[in-house]
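Start from the sequences and build out the full structure, keeping to the hints where you can.
Residue numbers (this note's numbering), protein chains in the order written: chain S, 1146 to 1552; chain A, 1146 to 1552.
Derived by calculation from the structure, the hints in this document are not laboratory data. Any given hint might turn out to be false.
Stated by the list, open to error - Below, in silico cross-link-like pairs of lysine-lysine (DSS-like), each with a Cα-Cα straight-line distance of 30 Å or less:
id : chain 1 : residue 1 : chain 2 : residue 2
1  : S       : Lys1154   : A       : Lys1453
2  : A       : Lys1540   : A       : Lys1453
3  : S       : Lys1207   : A       : Lys1212
As the list claims (entries may be wrong) - To give a feel for the contact side, a few chain S residues facing chain A, derived at Cβ under 7 Å:
id : residue
4  : Ile1149
5  : Asp1188
6  : Leu1193
7  : Ala1203
8  : Val1205
9  : Asp1210
10 : Arg1400
11 : Lys1409
12 : Ile1412
13 : Asn1437
Model, not experiment: these values are computed from the prediction. C-beta atoms are modelled at their ideal positions from N, C-alpha and C, and glycine is treated no differently.
There are 2 protein chains.
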Amino acid sequence: MARINENYKKLQAGYLFPEIARRTREFAAKNPQAELVRLGIGDTTLPLSESVIKSLHATVDKMADSKTYRGYGAEQGQEELRQAIVDHYRKYKVDLQPDEVFVSDGAKPDSANIQSIFSSGAVVAVQDPVYPVYVDSAVIGGKTSGFYNGRYEGLVYMDCTEENEFFPEVPDQKVDLVYLCSPNNPTGAVATHKQLKKFVDYAHDNEAVIIFDAAYAAFISDPSLPRSIFEIEGAEEHCIEINSFSKLAGFTGVRLGWTIVPHKLVIEGTVPGEVQSLWNRRQTTMFNGASNIVQLAGVAALSSAGQKECQKMIDYYMENARIIRNGLNDVGIVTFGGINAPYIWAKTPDGLDSWEFFDKLMNEAHVVGTPGAGFGRLGEGYFRLSAFGERSNIKKAVASIKKNLKI
Amino acid sequence: MARINENYKKLQAGYLFPEIARRTREFAAKNPQAELVRLGIGDTTLPLSESVIKSLHATVDKMADSKTYRGYGAEQGQEELRQAIVDHYRKYKVDLQPDEVFVSDGAKPDSANIQSIFSSGAVVAVQDPVYPVYVDSAVIGGKTSGFYNGRYEGLVYMDCTEENEFFPEVPDQKVDLVYLCSPNNPTGAVATHKQLKKFVDYAHDNEAVIIFDAAYAAFISDPSLPRSIFEIEGAEEHCIEINSFSKLAGFTGVRLGWTIVPHKLVIEGTVPGEVQSLWNRRQTTMFNGASNIVQLAGVAALSSAGQKECQKMIDYYMENARIIRNGLNDVGIVTFGGINAPYIWAKTPDGLDSWEFFDKLMNEAHVVGTPGAGFGRLGEGYFRLSAFGERSNIKKAVASIKKNLKI
Chain S
1146 MARINENYKK LQAGYLFPEI ARRTREFAAK NPQAELVRLG IGDTTLPLSE
1196 SVIKSLHATV DKMADSKTYR GYGAEQGQEE LRQAIVDHYR KYKVDLQPDE
1246 VFVSDGAKPD SANIQSIFSS GAVVAVQDPV YPVYVDSAVI GGKTSGFYNG
1296 RYEGLVYMDC TEENEFFPEV PDQKVDLVYL CSPNNPTGAV ATHKQLKKFV
1346 DYAHDNEAVI IFDAAYAAFI SDPSLPRSIF EIEGAEEHCI EINSFSKLAG
1396 FTGVRLGWTI VPHKLVIEGT VPGEVQSLWN RRQTTMFNGA SNIVQLAGVA
1446 ALSSAGQKEC QKMIDYYMEN ARIIRNGLND VGIVTFGGIN APYIWAKTPD
1496 GLDSWEFFDK LMNEAHVVGT PGAGFGRLGE GYFRLSAFGE RSNIKKAVAS
1546 IKKNLKI
Chain A
1146 MARINENYKK LQAGYLFPEI ARRTREFAAK NPQAELVRLG IGDTTLPLSE
1196 SVIKSLHATV DKMADSKTYR GYGAEQGQEE LRQAIVDHYR KYKVDLQPDE
1246 VFVSDGAKPD SANIQSIFSS GAVVAVQDPV YPVYVDSAVI GGKTSGFYNG
1296 RYEGLVYMDC TEENEFFPEV PDQKVDLVYL CSPNNPTGAV ATHKQLKKFV
1346 DYAHDNEAVI IFDAAYAAFI SDPSLPRSIF EIEGAEEHCI EINSFSKLAG
1396 FTGVRLGWTI VPHKLVIEGT VPGEVQSLWN RRQTTMFNGA SNIVQLAGVA
1446 ALSSAGQKEC QKMIDYYMEN ARIIRNGLND VGIVTFGGIN APYIWAKTPD
1496 GLDSWEFFDK LMNEAHVVGT PGAGFGRLGE GYFRLSAFGE RSNIKKAVAS
1546 IKKNLKI
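Below, the structure written as structure tokens:
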């Protein structure tokens, strides 16, 4: 008789965002006059750029004509886009081959699915606080046992605290897979070359693989900070990088991303190219490519004109970040991140816990954020605000915090 | 140290289509003058229809305006599309709830990923011949051991032969998951109500789940044949249905499909709604929704005008199928399918095996098809031709077969 995958039962119910939605709905029902400003989810608000829109219309027109219609494409993505991504990396002095680039429908599915090519017994290390997808996909894949005291047994947690400026030390034990996210969601911390080099060295010494989520790389303005793990010497032998057009070009709903699996990446029992070919096999078997309506729009976003348009969006969001940071600091709330990353990681005032501050901020200032505790045990006592809102809303939120928040 | 998922090594190398591509490339290099007609892959060739194109342009315009721009959508799909799919099923007198419909990026990923919600020890039954994705995803998921004599140990194969008109008997042992595809890829066979009822009864008696792939349902013209497993009494308690806009509306490259998981579906140890909520959890954790550029195009395809346009495309492809069938029959080749399905399943003449006939057809008639052996042991001695080509190519292929094929 059919049985369910019991690992799902280990997942902690009430995924963060549904719980936020529930509390927000309840508040709105009780306070129909209150205008809530939502700075919780990291969702883009600026429209797609001119180059992207032009490309989308052109592709749609091509799909209307039998001479230019395209059916199934390569599961790994269109050649033009793979090449454009290779060219994009040249800006960081990173040399890739087009067949090391796997176009996908976004960083979220890739960061979960990548586990498929590794042993189900792999020991996974994650940052705490952490983007929940890495953890939940490990749980579903059977890599954990119980959940105690805010953590899954079987996972290795790398503490991110005020003391280490929210970037962790390498694990003090052997692990197989290490998820790193920089610029970080949720803390907004960005790893330096030196910090990443330590992890690449750790991977070398322990024959581990680093899964590097660079989805927010475009928000780095400090030229001394690495935008790709492959800027670090030796990284090609130990790292996979996941990235996305979601935040780079406002494609959150458009769904387009990529994963780099270098030929040079070698793990126990494999030869060069073998891990790359495993991901190729996974993608060709269980995925059928990103929509061909949107792939050339990715090329447009990476073009010289497209990059200028993207930079304008990023500047807009980063000005939002500045306004939020200053506003919080003005009322005495300590903040982190929000400089080379679109997230502001705020310390909850007066010793409130994350959910208490969530309720207080909503009740008093009518602003919805994300409780840090939703990202892991060490997120407790912190709060995430997203800079992806519309400017007038950001200003309204900050004004309301200054005027109405009682701290 | 990191290790690979060893199950990948069990996969038989040379997936069918790369091997076809290799042989075709070789032939083309040696015969630069020959104009090959490709009837191998089931890829659509007609452009997207007017309603769909109009919808795509309208959505792109909305994404260019901050007032109508949409970022992240629900992972389960936009409400309008879920409702349109519910309405679509009403035509078959099937009553669904919108939250039983999960919009996806296509039938291929869903048919592989659905295994995630069931026990990794599940025994899987597949038809032979079979669409390779069901098998390969079971292998990757660790449900098989070795590969002997053309079959994976651990899978249960349900024979589809000329004797049973290519629709199998129910398994003669207990299994947990049963993949059925009707109209069938590759044989073009379509199950009757009576045949499907036997499977639903089998599922009831054995507490199994049927995963029903209805991706070619739109090609059924015989009103007595079921287009959805949910037309069968009791199916909601035992079945999941996977479907797609790929062949229905020419969306092969557009990537849009859906999966129905009914609330009533109950398996060992679950209550009603629990399996549905497991798939919801899988999709919200490991998927981020189909592209929002194309979802309303799905609504357009299911509209009354859209359905008329789709029907024209289907009629066109089915006329292709008729031309192929008649052409093959004229030269004495026995065919199956191709009446309520876009695939013609041909018996190789003169006792040739599938690959011998592949080479002969390419060398003599310059037509590329798909060797039946690529779909399983019982595909040996058969050959698949796809009706999705362009009409003049179809005619050219048939004329060349009649003139040049030496049988």
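Against the structure, the hints:
1. S:Lys1154 with A:Lys1453: violated, 45 Å
2. A:Lys1540 with A:Lys1453: Roughly 25 Å between the alpha carbons, so the hint for Lys1540 (chain A) and Lys1453 (chain A) holds.
3. S:Lys1207 with A:Lys1212: Since the Cα atoms of Lys1207 (chain S) and Lys1212 (chain A) sit roughly 27 Å apart, the hinted pair holds (cutoff 30 Å).
4. Ile1149: holds, 6 Å
5. Asp1188: holds, 4 Å
6. Leu1193: holds, 5 Å
7. Ala1203: violated, 10 Å
8. Val1205: Nearest chain A Cβ about 4 Å off; hint holds.
9. Asp1210: holds, 6 Å
10. Arg1400: holds, 5 Å
11. Lys1409: violated, 15 Å
12. Ile1412: holds, 4 Å
13. Asn1437: holds, 4 Å
When the structure is compared with the earlier hints, violations turn up for hints 1, 7 and 11 and for no others.
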